[in-house]
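Participant: With these hints in hand, go ahead and build the complete structure from the sequences.
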Amino acid sequence: MPDLLIELFSEEIPARMQARAADDLRKKVTDGLVEAGLTYGGAQAFSTPRRLTLALEDLLAESPTIKEERKGPKVGAPEKALEGFLRGAGVARDALEERDTPKGAVYFATITKPGRPAAEIVAEVLEDAIRNFPWPKSMRWGAGSLRWVRPLHSILCVLSSEEGHEVVAMDIDGITSGDTTEGHRFMGSGRFVVHGFEDYEAKLKRDRVILNAEDRAETIWSEATNMAFAQRMEVVEDKGLLAEVAGLVEWPVVLMGDIAEDFLGLPPEVLQTSMKEHQKFFSVKNPKTGRIEKFITVANRETADSGKTILAGNQKVLFARLSDAKFFWENDVRVAKGGAAEWLESLENVTFHNKLGSQGDRIGRVASLAAELAPVAQADVDLADTAARWAKADLSSEMVYEFPELQGLMGRYYAETVGHPAEVAAAAEEHYSPLGPSDDVPSAPVSVAVALADKLDTLTGFWAIDEKPTGSKDPFALRRAALGVIRLVLENGLRLKLDAHFEHQLLRHEAHQSEDDLLTDALAKDLQNEIADHGVLGAVFHTVKAAVDGELPKHIETLRDSLPDTSGDLLSFFHDRLKVYLRDQGIRHDVIDACIAMPGNDDLTLLVARARALQDFMSTEDGENLLQGFKRANNILSQAEEKDGVEYSYGADVKFAEDDTETALFVALDSAEAAISAAIETEDFASAMGTMASLRAPIDAFFEAVQVNSDNEVVRRNRLNLLSRIRGICLQAADLTRVEG
Amino acid sequence: MTQFDGKPRSFQEIILRLQAYWADKGCAIMQPYDMEVGAGTFHPATTLRSLGSKSWAAAYVQPSRRPTDGRYGENPNRLQHYYQYQVLIKPSPPNLQELYLGSLAAIGIDMEMHDIRFVEDDWESPTLGAWGLGWEVWCDGMEVSQFTYFQQVGGHDCHPVSGELTYGLERLAMYVLGVDHVMDMPFNDPQTEIALTYGDVFRQTEQEYSRWNFDVANTDVLFKQFEEAEAECEKILSLDHEDPKTGKRIIMAHPAYDQCIKASHLFNLLDARGVISVTERQAYIGRVRALAKQCADAFVQTEAGGYAA
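First to last, the protein sequences are chains A and B. Just so we're aligned, residue 1453 is where the first sequence starts under this note's numbering, counting upward by one. Just so we're aligned, residue 493 is where the second sequence starts under this note's numbering, counting upward by one.
No wet-lab data here; the hints were simulated from the structure. There could be a bad hint or two in this list.
Claimed, not checked - Okay, derived cross-link-like pairs now, DSBU-like style, lysine-lysine, Cα gap no bigger than 30 Å in a straight line: (1) Lys546(B) to Lys716(B); (2) Lys1760(A) to Lys1657(A); (3) Lys740(B) to Lys1760(A); (4) Lys1760(A) to Lys1789(A); (5) Lys1519(A) to Lys1480(A); (6) Lys1589(A) to Lys785(B); (7) Lys1732(A) to Lys1760(A); (8) Lys1768(A) to Lys1778(A); (9) Lys785(B) to Lys1768(A); (10) Lys546(B) to Lys1589(A); (11) Lys1768(A) to Lys1746(A); (12) Lys1555(A) to Lys1532(A).
Please read all numbers here as calculations on a predicted model, not as lab measurements.
Facilitator: Next comes the structure, spelled out in structure tokens:
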């Protein structure tokens, strides 16, 4: 069986696209071949800056012949039908076979699809792959219409076996396939003929190309670490950079150089980011000093002077770059030491969102909220306020303008330089966290307060202007912000009523947006204070109304009507995010719903404590059975209530009990009710549910022995009222009607 | 072809070598466009000629102005006025990379000793409604050129595709000549009797323009001129194709495009004066782009733009 070798040789493919492209080539070609009946033994795909390569082993030399049987019309069917069948099946009339079937004699045709030689199939499949290649961005060139990531120059496509190799002939927009390729752009020896994969890989190596990207990465890494080790230093690991650099060279030559003394005082992250972003250099750290003192660059060629000229050139570029960085740093430190007034002033003029005002407006809102949240996070109120006002200042710094990924971190350095308290410095860096689901969650109280305030201000802001995420669209990363809040609250065990904070912050947004001065005056302040004290706007509203003589302005009335809806909508968005988060932790969907249905559901810590207890309870046999008992009681009761048109909640009396099990249930409920209420009061849901479990036996026994719908109306009513007690007690813990099972 | 020996000795020798090289490769050596532009791409020999089906090959130096980059002549490599060398060939020849590397060799970069790399860098000009794919070319880690295959200009798909090369001349020359501060770079032959440095030629103008760009330019006048250029461009393009005086079909794509270039430069000046807010910025860019698109629409209706009556 022959082997197949394909190489698509082009101008330089962006490093970030190479690995994926090699994989796509493998997939598109092998899928196409298999679909056409050509199976193969093994497939390997490779990429270098100038080529995508696919090597298949043990390909079938031709696709198998396929015989297919097709059932036709009945014997004696109209001539037209028969002709149609013959045309469709592509067979002659005398090739038909008559066969008896339960429905009479029927014509059958056998269609034979002869196998096709591999070369023919490969040519078709490869052409299709090239014409429909899923590049993230592709282009045309010259006068042609073919699209590729950069101009495609040659196609090598050969089938090889022990007898030799043959070119799979094809022509795509004037590019004819062949059996030649070339090696390194500068160190190669021109085009050469390739007989098969081993020959190809060996000749490439001879002409200074390492085909396998992993081999290139490994070479780079081992040479770099060896070089650093020889100087008692270590290379700062960066897998992304390593992969990228391996995609920028065909023949890696590792060179190590010094960072000039002038720059060693810069924060290490600044050195690292500048070197990586601008020049794709690795950082080399001196473990003794903890500083980054050298760099590693990877050239794409060997030179007679062992890379001296190349290294000198790189060093010169680095010097210019780091001079810029140092200039930024020194300027920034000067501004920071002057109180950062310039920065904060300029943030007043930077739009955060055209409906949500400037970054300056935002900082003011976040600071107010952070101060309110400080007690919840057990942070000092003044520190939280200071931290929030400092946290975004670095957005105006030159360093962050140059390297946006250093935001927060620079804030920390500048805060330290100025002599701000450590908590303020830490909050500048940490308040963006957590960004992803596996990102660390801050735990320092001031950082927590600012992080929460920052995210809640963003969420309430976009809710206030009705820019919520829809479907896959979430341009402001609001889902991520909500998950961040959830994790901050849960992982720090914070107790707070989100609803009140939502309304409070929404009011701030409304006040900001309102063109009417009234909202920013004392009245709005009153509303805010009342919300801070009491939570919900509706109730607060009346207090404020009572305090103001006469009619309230109309827009304040509107506020009362719209804010609770908006905050309620935001809360249910949080509940949706929470469901996703808890489901990933193995908590059942219906269990979460049962707990969200309970009061106090804007206190996420409480909500989750309840859900965990319920989940544990439901995974015990007692829990499972109690649920059945509850549902039975609830069903009977609901039906009776519907039928009778009354609610049975008058309290059952033990004196009407007829059966021992009935009396026993009364006793059990009496003792359980008190214990459960007490446990719920102290939020000890596990113990509340444990006590509920003790009701399982008496409830089971009761249903076993007693017919609820007794002929005696008094007894029946009493029993329905007893069921109502069961329902009431069970619903204290969670809304069990929502639990499945 | 003029013969140059060994390493170049001056800024102008690098320009002369590039001119000689690209002339030898068949490009029309054009002169700079006589208007203020931000980059060589704005020259009609690139913007307009990259449109339509006709073949084209041109190379030229283009003085370019970026008012916000002014540093009073003090920064070692930032200037508000600098030179770009621009090559545009349509359709892009299959050996354009080799031709480009040949030009580096022509200005004295020894391929055997240096590390030349093509690093992904897609080009986009929001003011011209243009984009292309290509690379920035690195020599020992230093960006020495932009290399772009134009895909769209003025909102039109480029067919055939032009290959565009842009060399930042000062930076490239500083590298080749081993100079650390642009103002120290020899402009003409340092052995000659009246040897001039780049600073002798441009230090004073950098100071003068930096002051004017940042603090003095009358923004009211600039705003007004922007409006006028925009209006004139639109008026020119709204006229009948047939010239009433000669009775000939004369579409005034180039005069209209001049107004577009003017508007673009006025916007840059206003930007440097810091009087355009972030939100307005997008709006102004959009207005210039709208002009560029109309000019492109007009050009493809002309003979040079491939229109056949």
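Participant: So, for every hint listed, does it hold in this structure?
Facilitator: Status of each hint after checking the structure:
The suggested pairing of lysine 546(B) with lysine 716(B) is violated, with an alpha-carbon distance near 37 Å, which exceeds 30 Å. Restraint check for lysine 1760(A) and lysine 1657(A): the C-alpha separation of about 24 Å stays at or below 30 Å, so the hint holds. At most 30 Å may separate the alpha-carbon atoms for a hinted pair to count; lysine 740(B) and lysine 1760(A) exceed this at roughly 64 Å. Between the alpha carbons of lysine 1760(A) and lysine 1789(A) the distance comes to roughly 42 Å, so the proposed pair goes past 30 Å and is violated.
Of the pairs offered as hints, the one joining lysine 1519(A) and lysine 1480(A) holds, with about 27 Å between alpha carbons and a cut-off of 30 Å not exceeded. A hinted pair counts as satisfied when its Cα atoms are at most 30 Å apart, and lysine 1589(A) with lysine 785(B) qualifies at roughly 23 Å. Proposed proximity of lysine 1732(A) and lysine 1760(A) is supported: the alpha carbons are some 18 Å apart, at most 30 Å. Under the criterion of a C-alpha separation no larger than 30 Å, the hint pairing lysine 1768(A) with lysine 1778(A) is consistent with the structure, at around 15 Å.
Pair hint lysine 785(B) plus lysine 1768(A) does not hold up; C-alpha atoms about 41 Å apart against a cutoff of 30 Å. At most 30 Å may separate the alpha-carbon atoms for a hinted pair to count; lysine 546(B) and lysine 1589(A) meet this at roughly 26 Å. Of the pairs offered as hints, the one joining lysine 1768(A) and lysine 1746(A) holds, with about 14 Å between alpha carbons and a cut-off of 30 Å not exceeded. Proximity of lysine 1555(A) to lysine 1532(A) is assessed by CA-CA distance (about 20 Å); at most 30 Å being required, the pair is judged to hold.
Checked against the numbered hints given earlier, this structure breaks hints 1, 3, 4, 9; the rest are met.
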